[in-house]
Amino acid sequence: MTPKFINLLVGAVVFLALTFSVSFSENPIYNKEELIDNSATCLDCHEDIGRTLAASPHRVYSDNELPVSVVSGCIGCHDGWETHIEDPSAENIGMPSQEPYTEQAEICGRCHVTPHQAAMTTSDPHNRAQVDCLSCHKIHDNSNNALVIDNTDNYCVTCHTAVKSEFSRRSAHPLESGNIKCMDCHNLGSIEDPVLAVGMNFGCQECHAEISGPFLYEHKVVYNHLTVGGSCLECHQPHGSPNDRLLNQPGDAVCKQCHMTPPGHITEHSGLGTKLACVECHSQIHGSFDNSLFLDPELGTKLFPNCNQSGCHSFAN
Amino acid sequence: MNRKIITAVLMLAMFVINSAKADGGGAVKIGYTFLDEEGNRAVNQSTYNQYEGFDFSLEKFRYSLDNGVRFSADLKRLTLNNRNLYFGAEKSGLFGLRLYNNQYRRVYDYEGNSFIRRHTTSGKIWVYPHQYVKLYGGGSFVGRSGSALQFFNVVNGGLPTAVDYEQKQANVGMQINYRGRMLLAEYGGINYLNNENYYLNQSRRRFKVRGFGPVPRYEWILMHGGFMYYRTWYENKDIEIQSNKGWGGLTVNLPENFSVSYSFIFERTASDSDLVGTDNIAHTVYASHLWPGYAGVTVGYQNDVSDDFENVVKADSYYFSGWIKPDTKLEFRVEHGFRAEKVDEGSRLPGVEDRNRFKVSGRYKDNHYGSMRIRYEGRTRNNDQLSSEVDFNRISFDGNLFVFKYAELSGGYSYSKGDYKNMEERFEFRDHLVYGDLLSHEYYNTHLGLGVMYYRSKRDNDVEKISLRLTGRYHLPNGYYFEVKYNADNFDNFHVTDEYYTANIVEINVSKDLLF
Numbered sequence: 000m001t002p003k004f005i006n007l008l009v010g011a012v013v014f015l016a017l018t019f020s021v022s023f024s025e026n027p028i029y030n031k032e033e034l035i036d037n038s039a040t041c042l043d044c045h046e047d048i049g050r051t052l053a054a055s056p057h058r059v060y061s062d063n064e065l066p067v068s069v070v071s072g073c074i075g076c077h078d079g080w081e082t083h084i085e086d087p088s089a090e091n092i093g094m095p096s097q098e099p100y101t102e103q104a105e106i107c108g109r110c111h112v113t114p115h116q117a118a119m120t121t122s123d124p125h126n127r128a129q130v131d132c133l134s135c136h137k138i139h140d141n142s143n144n145a146l147v148i149d150n151t152d153n154y155c156v157t158c159h160t161a162v163k164s165e166f167s168r169r170s171a172h173p174l175e176s177g178n179i180k181c182m183d184c185h186n187l188g189s190i191e192d193p194v195l196a197v198g199m200n201f202g203c204q205e206c207h208a209e210i211s212g213p214f215l216y217e218h219k220v221v222y223n224h225l226t227v228g229g230s231c232l233e234c235h236q237p238h239g240s241p242n243d244r245l246l247n248q249p250g251d252a253v254c255k256q257c258h259m260t261p262p263g264h265i266t267e268h269s270g271l272g273t274k275l276a277c278v279e280c281h282s283q284i285h286g287s288f289d290n291s292l293f294l295d296p297e298l299g300t301k302l303f304p305n306c307n308q309s310g311c312h313s314f315a316n
Numbered sequence: 000m001n002r003k004i005i006t007a008v009l010m011l012a013m014f015v016i017n018s019a020k021a022d023g024g025g026a027v028k029i030g031y032t033f034l035d036e037e038g039n040r041a042v043n044q045s046t047y048n049q050y051e052g053f054d055f056s057l058e059k060f061r062y063s064l065d066n067g068v069r070f071s072a073d074l075k076r077l078t079l080n081n082r083n084l085y086f087g088a089e090k091s092g093l094f095g096l097r098l099y100n101n102q103y104r105r106v107y108d109y110e111g112n113s114f115i116r117r118h119t120t121s122g123k124i125w126v127y128p129h130q131y132v133k134l135y136g137g138g139s140f141v142g143r144s145g146s147a148l149q150f151f152n153v154v155n156g157g158l159p160t161a162v163d164y165e166q167k168q169a170n171v172g173m174q175i176n177y178r179g180r181m182l183l184a185e186y187g188g189i190n191y192l193n194n195e196n197y198y199l200n201q202s203r204r205r206f207k208v209r210g211f212g213p214v215p216r217y218e219w220i221l222m223h224g225g226f227m228y229y230r231t232w233y234e235n236k237d238i239e240i241q242s243n244k245g246w247g248g249l250t251v252n253l254p255e256n257f258s259v260s261y262s263f264i265f266e267r268t269a270s271d272s273d274l275v276g277t278d279n280i281a282h283t284v285y286a287s288h289l290w291p292g293y294a295g296v297t298v299g300y301q302n303d304v305s306d307d308f309e310n311v312v313k314a315d316s317y318y319f320s321g322w323i324k325p326d327t328k329l330e331f332r333v334e335h336g337f338r339a340e341k342v343d344e345g346s347r348l349p350g351v352e353d354r355n356r357f358k359v360s361g362r363y364k365d366n367h368y369g370s371m372r373i374r375y376e377g378r379t380r381n382n383d384q385l386s387s388e389v390d391f392n393r394i395s396f397d398g399n400l401f402v403f404k405y406a407e408l409s410g411g412y413s414y415s416k417g418d419y420k421n422m423e424e425r426f427e428f429r430d431h432l433v434y435g436d437l438l439s440h441e442y443y444n445t446h447l448g449l450g451v452m453y454y455r456s457k458r459d460n461d462v463e464k465i466s467l468r469l470t471g472r473y474h475l476p477n478g479y480y481f482e483v484k485y486n487a488d489n490f491d492n493f494h495v496t497d498e499y500y501t502a503n504i505v506e507i508n509v510s511k512d513l514l515f
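Taken in sequence, the protein lines are chains A and B. Here numbering that gives the first Met the number 0 is used: the first residue of the first sequence is 0, the next is one more, and so on. Here numbering that gives the first Met the number 0 is used: the first residue of the second sequence is 0, the next is one more, and so on.
Honestly, the hints are just simulated from the structure, not real lab data. Any given hint could turn out to be false.
[To be verified] Taking lysine to any residue and the SDA-like style, the derived pairs with C-alpha atoms no more than 20 angstroms apart in a straight line are:
id, chain 1, residue 1, chain 2, residue 2
1, A, 219, B, 345
2, B, 123, A, 206
3, B, 207, A, 186
[What the hints assert, rightly or not] Among chain B residues calculated to face chain A with C-beta under 8 angstroms, some are:
id, residue
4, 181
5, 191
6, 211
7, 223
8, 240
9, 250
10, 260
11, 287
12, 291
13, 349
14, 385
15, 452
By construction, the Cβ of each residue, glycine as well, lies at the ideal position given by its N, Cα and C atoms.
Whenever a hint applies, use it, and build me the whole structure from the sequences.
Right under this line is the structure:
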């Protein structure tokens, strides 16, 4: 984005913020007057609870000067309020946090009809594990974006603690320093990517364009659109690895999970003194424009002076 | 550009603060970070992005106007190269804006002279011109420059390679919501420019539509579907890859808390680099039953086919998961997945392959005393043709305890066991990871914190990592705090003599709580 575009963007937002004061959204279950009047009645007794919503999109006030941004109110989420107003009791007011996940999804879905909402109630793995909305979102006493429980956007690790530990390994994506977020890679709530389904490595390509191809000579395991299909994860552990560069096995071992050392390579070069790793020569391992063996295109100029300088070979022999 | 964004953000915040009745809060922090390092800068990843110097931050800032407009910001380490910035402004149901900026350094050599810095700036904006219509757009700029050593560097003589590229991304879209129905259309593109190797310059375009909603008159059936077109090509080469992907499905909510869902994916990807086109087709069925508040069970089956018109690989996958809450404080979960691939026509190098995944966990959670969780996870992969096997197991334990009068304790332990058998050699590792934090409540105006992380990788690896954190925070009058943090980091690879590292990092801060 150019600076000019940024300035225009900021200008547009300022314009919208200061000229519009009307929110168009409303709760589809109740009209705005119902929400305001009855929520104000709730706050006659539950003033303190109303204040816990002050910093959130669900905020309500107790002085009847309710802001027009109120789209949910108390009664939008807490069913049974009619009876509760007549006969206040903890037994007759609906508490979404105590409802099963399907009921919670229905309550949130009254207003929040989004791709996220759709996926979380259909194809997402969290739906199959029957994880409820309030596992990730906290409604009261929360000023975080989207009311998630942790504003670093890494709240996933509160449940996925074993995954969290992977980010402390020898090499890892920089999650702990806040440079990436879980959602940068995991398309949470995406309908088109059920966990077991196939698909291209769009996620890795978003940041690692230089090695993502397409190449004239593809290393077929890199692209899972090919029938060899494994993708980046055949060689790398994306969260963290006990090996350098997120590799699932160190050095040549990662190559040898599929390939044997070709017979012609077992020479003095595989001895202790001069052992060369596979990718010393096959440096274009993700794919190449030059040769189907993924050899370094400048291998000759790089390697042969080294051979000469090492003292093992001279130009004469 | 970063300065312009920060200036615009601050000007906007100041303007709003002075123009309307509002409430909000946050904290301003000023301090200095001292960094004392010794050893190989390239081996300890968690300190790659540490810098010494003067530090200014505005943290957890939020500001709400009476008309419902909310501003939020988290501007960490504004004056250092590891800055991490966020600014947001939104009004529910009307508009929103979010801006992000951060930098990350990756070090490649012993002295720290060879490194790459990646800086990322991104933003998104959305408006609701009508209650059912959302227009949105966003963009990002990623720049990566510096010098890197190749993984193995004997061939190029150990000289660093220059890296300099930038990537611009933008997308726009429209989403229509109407009484439980949604339709979305989005178009986006990426331009990648490599200043070191212009042959790698490439562009991508992506278009997708998707929608969902209940079937009219049969509201208990929810349908979803979509289509995505993706194309990427090189600017200086006649090479491109295209993908067309369609998907769809439905979820049928049956009586007595039963539900069945079906989804399919059809993807055709063609690359003109190797003249290969591949169809990827998947059909997935899940059936679930729920005992509300007590238990749930799901079984699933997936059949997928990968067909490049010469070779056909088919796979059958089976899935089972279940959970039970015998008590409001106790929860058990189990999940198992099995996938068997076979080469139906033609051939491929990996041949026939089986994969297994198994997870089981138990959790006890008490709002007063804390929580505990134990989890086991196992994964296997077997390939007879390649004589290749992977056997990964992990058991982990974590918990929080609130029982102490003056402090809260959280921590965990994870043991991972990996056995890889290849055609010519084996690789094994045994990883131990212990982590914990002890945070005191305020006592005599003072908070104290102790944190530790110990990582040990053994067998074919012999690596040890230790991180120790000590924090002291003193509450001064008028919302001021004086804070001292000490971090000690240590890394040792006992197999490689020059792979050791020690760092002592001291942060001294004064912060002030803001309340409006």
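### Hint validity - residue 452 (chain B) Cβ closer than 8 angstroms to any chain A Cβ
Since the shortest Cβ distance to chain A is 6 angstroms, the answer is holds.
### Query
Quick one, is the residue 260 (chain B) hint okay against chain A at 8 angstroms, beta carbons?
holds, 6 angstroms
### Task
Return the status of the interface hint for residue 240 (chain B): holds when the least beta-carbon distance to chain A is below 8 angstroms, violated otherwise.
For residue 240 (chain B), the interface hint holds, since the closest Cβ of chain A sits about 4 angstroms away, which is under 8 angstroms.
#### Entry: residue 223 (chain B) as an interface hint toward chain A, with CB separation required under 8 angstroms
holds, 5 angstroms
#### Entry: Restraint check for residue 219 (chain A) with residue 345 (chain B), where alpha carbons must lie at most 20 angstroms apart
holds, 15 angstroms
### Message
Does residue 211 (chain B) hold up as a contact with chain A if the rule is Cβ-Cβ below 8 angstroms?
### Response
Status holds, d = 4 angstroms.
### Query
Minimum Cβ distance from residue 349 (chain B) to chain A below 8 angstroms?
holds, 6 angstroms
### Message
Let's test the interface hint: is any C-beta of chain A closer than 8 angstroms to that of residue 291 (chain B)?
### Response
Holds, about 4 angstroms.
### Query
Is residue 123 (chain B) close enough to residue 206 (chain A), meaning Cα to Cα at most 20 angstroms?
Holds, because 18 angstroms separates the two Cα atoms, which is no more than 20 angstroms.
### Message
Checking hints one by one. Is residue 250 (chain B) an interface residue toward chain A, by the C-beta closer than 8 angstroms rule?
### Response
holds, 5 angstroms
### Query
Hint check: is the beta carbon of residue 385 (chain B) less than 8 angstroms from a beta carbon of chain A?
holds, 6 angstroms
### Hint validity - residue 287 (chain B) Cβ closer than 8 angstroms to any chain A Cβ
holds, 7 angstroms
Of the numbered hints stated above, none is contradicted by the structure.
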